[in-house]
Amino acid sequence: MAPLLERTVTAEKANGGWPDKVYAPSALAYNQAYLVSPAMTVQQIRDFKQAFDDAALRSVKAGLDLVEIHAAHGYLLHQFLSPVSNSQADEVDFLDVSSGGIRAKQETSIKSGDGYRAPFALEIKRAVGNVLLVCMVGGVKKTGEIAERFLQQGLDVVMCGRWFQKNPGLVYQFADELGVKINMSTQYGRAFQGGRNRR
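Numbered according to the numbering used here, the sequence shown spans residues 1 to 199.
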């Protein structure tokens, strides 16, 4: 039954409901009144994502100017974003942490600098543990040692954005600084290694 009609009643299979077809990121109870939804498999999650992609394309072809994805109020997308409702530890979970840009007052409390968003990402990583891959972006520039430091502190991924505009070879620069060998396609590797791409 729709929550707007009755918050404590659910339609079980015997009453014509389809509780076994209402999925969640994890089989966790919301409360004692609601049935526990089965956890989605990795393939179901991929199919779900593809369905959203297909729907967005259909909307654009139909002439819509805007496609909004609603990820709040406890609906399925919102459930994936919270450790309260998502205990999956698989390759489809990933959180890229950013901050600021919505209020002018934030400029006084969030100071830009080397990895200035790392504290937010690290705090989230400490809270969720291995349930979710956590990434940070912002202020990772000039040296790969900065990125490596945050990885050693516990983050799963460190991303760089605008610095690629200034230096398209940033990954290779970071690898040289850290003494790490990376593999590149032959046509690009030649430019960095000189002459033939060494294998």
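These are computed hints drawn from the structure, not numbers from a lab. One or more of the hints may lead you astray.
[As the list claims (entries may be wrong)] In silico SDA-like pairs for lysine to any residue, Cα to Cα no more than 25 Å straight-line: (1) Lys141 to Ser87; (2) Lys21 to Ala55; (3) Lys49 to Ala33; (4) Lys21 to Ser87; (5) Lys13 to Tyr34; (6) Lys111 to Lys21; (7) Lys13 to Asp53; (8) Lys166 to Asp114; (9) Lys49 to Ser87; (10) Lys111 to Ser99; (11) Lys142 to Gly179; (12) Lys142 to Ala127; (13) Lys111 to Trp163.
Hints versus structure:
no. : hint             : in the structure
1   : Lys141 to Ser87  : 33 Å, violated
2   : Lys21 to Ala55   : 20 Å, holds
3   : Lys49 to Ala33   : 29 Å, violated
4   : Lys21 to Ser87   : 19 Å, holds
5   : Lys13 to Tyr34   : 13 Å, holds
6   : Lys111 to Lys21  : 47 Å, violated
7   : Lys13 to Asp53   : 31 Å, violated
8   : Lys166 to Asp114 : 17 Å, holds
9   : Lys49 to Ser87   : 19 Å, holds
10  : Lys111 to Ser99  : 11 Å, holds
11  : Lys142 to Gly179 : 16 Å, holds
12  : Lys142 to Ala127 : 30 Å, violated
13  : Lys111 to Trp163 : 18 Å, holds
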